[in-house]
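K.L.:
Position chain B against the provided structure of chain A, taking the given hints into account.
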Amino acid sequence: MPSTLSRRAFLARTGFIGCSLAASPLVTPVTFAATPWDARLVVIILRGGMDGLDVVRPYGDPDLRTLRPGLSGGPDQGAHDLDGFYALHPHLGGLKPLWDEGDLGFVQAISTPYRDKRSHFDGQDLLEAGTVSMAGVRDGWLNRMLQVVPGVTAQTAYAIGRSDMRLLQGAADVANWSPEAELGLSPQAQQLMDLVTESDPAIHAAWQEAQMLATLEDEKATAQGQQRSGAHMRIAEFAAARLRDEARIAAFSLNGWDTHRAQDRTLPRAMSQLSETLVTLREELGGEVWQKTAVVALTEFGRTARENGSGGTDHGTGGMMVMAGGAVQGGRVHGDWPGLGTGDLYQNRDLMPTRDVRAHVAWIMRGLTGLDRATLEGSVFPGLEMGDNPQLLL
Amino acid sequence: MRDFDPQLAEIRFGYGLSPVVAAPSSVDAMLSALQAPDAMADRFPIEPFDTFRLRMIEVAKAARERRKHRGTAKAEAAKKRRNVLNAEARKDGLKWAGHVLLRRVWTPDAFRERLVAFWSDHFTAHGKRGVIRRATSPYVQEAIRPHLTSRFEDMLQAAVTHPLMLDYLDQSQSMGPGSVRAQNKKKSAGLNENLAREVLELHTLGVDGPYTQDDVRELAELFTGLSFSPSNGFVFRPNFAEPGPETVLGRTYTDDKTEAPVRAVLSDLAAHPSTATHLAQKLAVHFVSDTPDPALVAALEAAYRDTDGSLMAMYEVLLSHPAAWSPALSNYKPPQDFMASALRSLAVPENLLMRFDEKNMRRVFNAPLTAMGQQWQRPIGPDGWPEEDAHWITPQGLAGRVEWAMAAPEFILRVLPDPRVFVETALGDRADEAVRFAAAAAESKPEAIGLVLMSPAFQRR
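Chains as they are written, first to last, in our numbering: chain A, 1 to 394; chain B, 1 to 461.
With the rest of the complex left out, here is chain A:
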């Protein structure tokens, strides 16, 4: 157990906290035995290349105004000041309370080892593979982590939604579900499905589980009187429900970050989705589970430091990672700021990455699950040098 979580873990073990959790009908002793660790990890892939310089604006850097005369204004333009140097995009006011409570943080100027070609697909592949190159790589880093932790079951990790989550692909069993799936069968057809599939144990079991998952969704919707609107919120809600139960890891994607034009109008939609997703996760996980949760949102690359001719930004290099949850060291923008001046930029166009994003993720996994450094550097992120602990967790 990592020192940062040992106090909470100790309290849980000795029964000072977690009593109500144990009493929940959903959490049986078997469930406890089946979970390899107690902390929760949610990984969100922000597809399209999030402009970290616009989401968390380094307005304290004088060069920002030169590079972006029309975009990414500071607090005088409505951005929410965070620490006198960075300000949050005006549209993300809904996340400010999380920041104030220390449950939201960021890491600036990070990147994967991917360089120069700036292709979404290659960039995402590498981000999810967690390697230096794609040659011969078949699985994703989150799956490789599951392969080395003892006690993992098919319910430990969930890939949610319809897009392929390459980071969870691999030899370890993971569960998949899309809350968009609606069986939409009459009760009679459901019974007949039971009958028709009964002769085939594998198909029958998967069908029963599908029914169970779909019913959970429906019951939830009925209990609330309505379904949450938006696939992202239903995904967040479903993730939270699984994480309150047996699951310890959930991964899904949010799209819409590729803002080449009119970024002041195109980015807010993606940010709303992220913001609503984080707020939903917190609400649905509930105080106790939220306290042991780390959410990390990663993107394939950042965007050009300069705004382009159409009020947007193009594919870049150095980017930003978002962290949320009771387990993270929030209320702070982490990372070494490289500056935006002449000579500071990567290839005179992009934010210079000052650290490998995999190092941050590795330290978070180390903190949450207690995995040792050799395994993280050898199996999960082969060849990674984790470096000093960036202290991203409480």
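Be aware that a few hints might be false.
Quick list of simulated restraints, FRET-style, between CB atoms [claimed, not checked]: (1) A:E182 x B:A75: 32 to 38 Å; (2) B:G178 x A:P113: 43 to 49 Å; (3) B:E443 x A:G378: 53 to 59 Å; (4) A:R115 x B:R251: 33 to 39 Å; (5) A:D63 x B:A264: 54 to 60 Å; (6) A:G387 x B:A75: 54 to 60 Å; (7) B:G190 x A:N255: 26 to 32 Å; (8) B:T247 x A:E182: 56 to 62 Å; (9) A:A231 x B:G190: 36 to 42 Å; (10) A:G339 x B:N239: 47 to 53 Å; (11) B:A77 x A:N255: 44 to 50 Å; (12) A:E182 x B:G190: 43 to 49 Å; (13) A:R115 x B:A77: 31 to 37 Å.
Hints listed in this document are in silico derivations from the structure and should not be mistaken for laboratory results. Note that beta-carbon positions come from the ideal geometry of N, C-alpha and C, so glycine has one too.
P.N.:
Same frame as chain A, now just chain B:
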């Protein structure tokens, strides 16, 4: 040997039973059909890559013009032209997807279509950026389909040096560190090992094959120079080629001026005994079972070795071996095959599928396939789609199938067949009492049809 089972031939080696198209009458008939002219390719045409290339030339032209006249009306017009070209390719890509489906629905020679799918997956490739992303069907039409019954080496040569493969596995950019080009660039030149590694691991020897990292590196150096351009298709660029000899699996290849050593090494790899083992195992797993009878695998392997890699010889063994005809259904159909065999069982007329616009095609085809976990022509890596049944039999996968099976047939056909008849034509001798009961007891026709399609006898082969 057992009596020939035409129904099983259709189910296991084809796309399931059709109420209209007759099943093959014997193994000989199946084999000779493979050698007959490709009637389905004529009836449901797909543009070969060499024609598709003209689209790439036009797109490149538009891009050049746009750069040249930046900020002017000419640039705007060029951009518009590019967008039109891209939209056309996207639309045609969907039309070709429809043609792939219709070939599977209407062919009397379904084994051929299964083999096309099998080898396309073995040589998985898709374009990475721009209009070439729509070129997968043209690649299959050109590099895979004509070589189904030739020697494996012919298909290997065609697929590995194909522009789409060179693009997909980054070969066209790979430069030998000592190449003329790299020296001139004075920049650390990129040797890219991607294609070399996959050729050894996936296309020929297999992951357990007797090769080392040194072989990968040497093969990557040997491959330098393989490239393509929109105007010429495949080209060999001597200035990208790494000078000096390269040694792969103990044999040394020289010549940096032409692609001859690449052809030679591919020929040697095709003849390697590990390639025989790898392909034999793959064919048996794909067509028969996740855990095939070792005797079948051994027989396939021997056929390959004895005939210098004749694919027809392998098919003959596959179709004649008793282990391939075990009457109990085994493999679980992946989503594409599930969908194709559902449409075949319903004998979906070609005009009904062809009238669909892009939106409807996405609605009945692309979106549901993705929901079932098999996005059209986008396997997640160069190793293609997984074979293991467990990968596909998941709650999410089943939910996707149920949703589609209960709604799509009615959407496509408007008028559904009588479910009590359908259960017999779709499942043949494999209809059991449970599914017969369900087909008769369901409260609506769409549900009854969906229940038949969801029965294990329909989902397995």
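K.L.:
Return the numbers of the hints above that this structure violates; sort them in rising order.
P.N.:
Per hint list: 1, 2, 6, 10, 11 violated.
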